[in-house]
Amino acid sequence: MKRSYLIILKTAVWVACLWPMALLVRGALTPHGLGADPTAHIALTTGYTTLMLLTITLGITPVRRLSPRLGWMIRFRRLLGLFAFFYATVHMLTYVALYSNFSVQAMMDDIAKRRFITMGVAAYLLLIPLAITSTNWSIRKLGGKRWSRLHKLVYVAAICGAIHYWWQVKTGVLLPLPFTVAIALLLLARPVLAWKQRRKMRAAETV
Amino acid sequence: MLIGKSPDIPSREITPRDDYFQYLSRRRFLRGAAAGGVTVAAAALGADRIAQLISPGIRAYADSKLQTVKSPLTTTGEQLTSLQDITHYNNFYEFGVEKDQPAENAGALPTRPWTVRVEGLVKKPKTVDIDTLLKMRPLEDRVYRHRCVEAWSMVIPWVGYSLSEFIKQCEPLGDAKYVQFLSYYDKHVEKWTSESTIFWPYSEGLRMDEAMNPLTLLTFGLYGDVLPNQDGAPVRIVVPWKYGFKSAKSIVTVRFLAKQPPTTWNDQSAQEYGFYSNVNPNVDHPRWSQKTERRIGLPFYAQRRTTLMFNGYGEQVAGLYNGMDLRKNY
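Going down the list, the protein sequences come from chains Y and P. For the first sequence, the positions run 1 to 207 when the numbering used here is used. For the second sequence, the positions run 1 to 330 when the numbering used here is used.
No lab work stands behind these hints: they were computed from the structure. It is possible that part of the hints are untrue.
Straight-line C-alpha distance at most 25 Å; calculated PhoX-like pairs for lysine-lysine [as the list claims (entries may be wrong)]:
{"no.": "1", "chain 1": "P", "residue 1": "K328", "chain 2": "P", "residue 2": "K124"}
{"no.": "2", "chain 1": "Y", "residue 1": "K170", "chain 2": "P", "residue 2": "K291"}
{"no.": "3", "chain 1": "P", "residue 1": "K187", "chain 2": "P", "residue 2": "K135"}
{"no.": "4", "chain 1": "P", "residue 1": "K124", "chain 2": "Y", "residue 2": "K113"}
{"no.": "5", "chain 1": "P", "residue 1": "K124", "chain 2": "Y", "residue 2": "K170"}
{"no.": "6", "chain 1": "Y", "residue 1": "K200", "chain 2": "Y", "residue 2": "K145"}
{"no.": "7", "chain 1": "P", "residue 1": "K291", "chain 2": "Y", "residue 2": "K113"}
Simulated DEER-style distance windows between Cβ atoms [said to hold, decoys possible]:
{"no.": "8", "chain 1": "Y", "residue 1": "I139", "chain 2": "P", "residue 2": "P286", "range": "41 to 47 Å"}
{"no.": "9", "chain 1": "P", "residue 1": "E195", "chain 2": "Y", "residue 2": "L9", "range": "38 to 44 Å"}
{"no.": "10", "chain 1": "P", "residue 1": "Q67", "chain 2": "Y", "residue 2": "V173", "range": "21 to 27 Å"}
{"no.": "11", "chain 1": "P", "residue 1": "V189", "chain 2": "Y", "residue 2": "I111", "range": "41 to 47 Å"}
{"no.": "12", "chain 1": "P", "residue 1": "G77", "chain 2": "Y", "residue 2": "M21", "range": "35 to 41 Å"}
{"no.": "13", "chain 1": "P", "residue 1": "V69", "chain 2": "Y", "residue 2": "Q105", "range": "44 to 50 Å"}
{"no.": "14", "chain 1": "P", "residue 1": "K126", "chain 2": "Y", "residue 2": "S103", "range": "52 to 58 Å"}
{"no.": "15", "chain 1": "Y", "residue 1": "T118", "chain 2": "P", "residue 2": "N329", "range": "27 to 33 Å"}
{"no.": "16", "chain 1": "P", "residue 1": "N329", "chain 2": "Y", "residue 2": "M21", "range": "22 to 28 Å"}
{"no.": "17", "chain 1": "Y", "residue 1": "W147", "chain 2": "P", "residue 2": "E98", "range": "41 to 47 Å"}
{"no.": "18", "chain 1": "P", "residue 1": "E98", "chain 2": "Y", "residue 2": "T61", "range": "42 to 48 Å"}
{"no.": "19", "chain 1": "Y", "residue 1": "L175", "chain 2": "P", "residue 2": "V189", "range": "44 to 50 Å"}
Which residues of chain Y face chain P? A partial, calculated answer using Cβ under 10 Å [claimed, not checked]:
{"no.": "20", "residue": "A40"}
{"no.": "21", "residue": "D110"}
{"no.": "22", "residue": "F116"}
{"no.": "23", "residue": "V121"}
{"no.": "24", "residue": "L125"}
As the structure is a computational prediction, the values presented were derived from the model and not from experiment. Glycine included, C-beta positions come from ideal geometry on N, C-alpha and C.
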């Protein structure tokens, strides 16, 4: 891909990723801009955006395997992953500030008693080491193999995130279903694609 | 011809409004206009002009104002939630499960003619017309805090009179210990009822002494006007010390019983929604704490507040539960 295209695309991705946050900020600055229940609106928007970005991030590896011409997509994986972490952080801060009013006692209570919060906190904690080791320096320091093994934690984080969503909604509400299906497909695509590649390589060897 | 009484104003010209103060100024305007003997044509023009000034969404009929009197049972010292939020953030599952759906869909509810059936353990079962109900007692302005089991809250200026006044007219028998309220149900009108697993019609119930407590309000209006459909028109109950779902909307049947009636949310999930469902910060919902609540309509940094035992109405109602373990009878 040409460098100029890449710059345009990168700008577009930045704008798209910042868009939900920009809407929240604008809403916060206008009277009634976040609706009747701003706290719930902020929590829902940031949580939803986190899952959306995580799902897209998980999609990059399988999609670029489909064709060598899609190789450039790897250049967006870190950016999307870090934006997912950014929204997860705002989501977490919403919980700490607007739901728990910074009360450690209230948060401890929640984590011990409410499984959807336990699961959400677990998902967030899993993302932290990934965000910290997202720099080139970390990759060099850890070595490619160890680094990618560590970053497989994102699979667990995504699964925890989806479960967190299911446990949060009322029984019978199916809103988390699309994310669940997408994440499941993207995770299952990995062994399938790896198996196909091995077969192709074996075929190449025997020729 | 008086403007307020004019039958010639078509409903499309009726003035929607977005807050009480605008509403009050409109009333003042209309009164002034009426005194001036303005003609129907001018009235239509005026209504049109005012309609342009006020945001759409809440339609009220010109004759929808209710004559009200003050009440010593009103809650003071609270900032009222806006009419916009009270009418656009609703749980009324008959018209959809999302908060904004009732405002969109409840127009389908036929609120006239309307009758309420009184049956069960009463001296004589009867059917009461809504207009008879409205005139039975003077209508009072009663501001109440409204606390939803989902941990959000509002402050709502209801209009109605104590349910006890109506119950006395029903002449219940001595062995009537509970009152059940059934809401309007027609699956052709309320198409959204098929989208949930709830067993319709919506049913709620109170113990007789709870129903007879003067705070329990037989409610016909809010903000001095008849109830908007999405808030339970034309008649509902409001039980301010209990979670919102106990306050049944659009009531068509009042039934007196010797035993505790089945109630909708309790049937759906008994461990989440008890029969009593008194507002109680010490008993958590399985999925969230009830210690605090979010006040609707405030900016995000100002919403969170402490939930009060019995929603702050303990002085009037705590006695109803003497000797009861409120952790067990949640």
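Going through the hints against the structure:
1. P:K328 <-> P:K124: violated (36 Å)
2. Y:K170 <-> P:K291: holds (20 Å)
3. P:K187 <-> P:K135: Not satisfied, since the Cα-Cα distance of roughly 31 Å exceeds 25 Å.
4. P:K124 <-> Y:K113: violated (51 Å)
5. P:K124 <-> Y:K170: Violated. K124 of chain P to K170 of chain Y sits at ~42 Å, over the 25 Å cutoff.
6. Y:K200 <-> Y:K145: holds (23 Å)
7. P:K291 <-> Y:K113: Roughly 14 Å separates the two Cα atoms, so the pair holds.
8. Y:I139 <-> P:P286: 41 to 47 Å: The hinted range 41 to 47 Å holds for I139 of chain Y and P286 of chain P, with Cβ atoms some 44 Å apart.
9. P:E195 <-> Y:L9: 38 to 44 Å: 41 Å Cβ-Cβ, so the 38 to 44 Å window holds.
10. P:Q67 <-> Y:V173: 21 to 27 Å: The hinted range 21 to 27 Å is violated for Q67 of chain P and V173 of chain Y, with Cβ atoms some 43 Å apart.
11. P:V189 <-> Y:I111: 41 to 47 Å: holds (45 Å)
12. P:G77 <-> Y:M21: 35 to 41 Å: holds (37 Å)
13. P:V69 <-> Y:Q105: 44 to 50 Å: Holds - the Cβ-Cβ distance for V69 of chain P and Q105 of chain Y, about 46 Å, lies within 44 to 50 Å.
14. P:K126 <-> Y:S103: 52 to 58 Å: holds (53 Å)
15. Y:T118 <-> P:N329: 27 to 33 Å: holds (29 Å)
16. P:N329 <-> Y:M21: 22 to 28 Å: violated (45 Å)
17. Y:W147 <-> P:E98: 41 to 47 Å: This hint holds: roughly 44 Å between Cβ atoms.
18. P:E98 <-> Y:T61: 42 to 48 Å: Roughly 36 Å apart at Cβ, these two residues miss the hinted range, so it is violated.
19. Y:L175 <-> P:V189: 44 to 50 Å: Taking Cβ atoms as reference, L175 of chain Y and V189 of chain P lie about 26 Å apart, which means the hint is violated.
20. A40: holds (7 Å)
21. D110: This hint holds: D110 of chain Y lies near chain P, its Cβ roughly 7 Å from the closest one there, short of 10 Å.
22. F116: holds (7 Å)
23. V121: violated (15 Å)
24. L125: Violated, about 21 Å.
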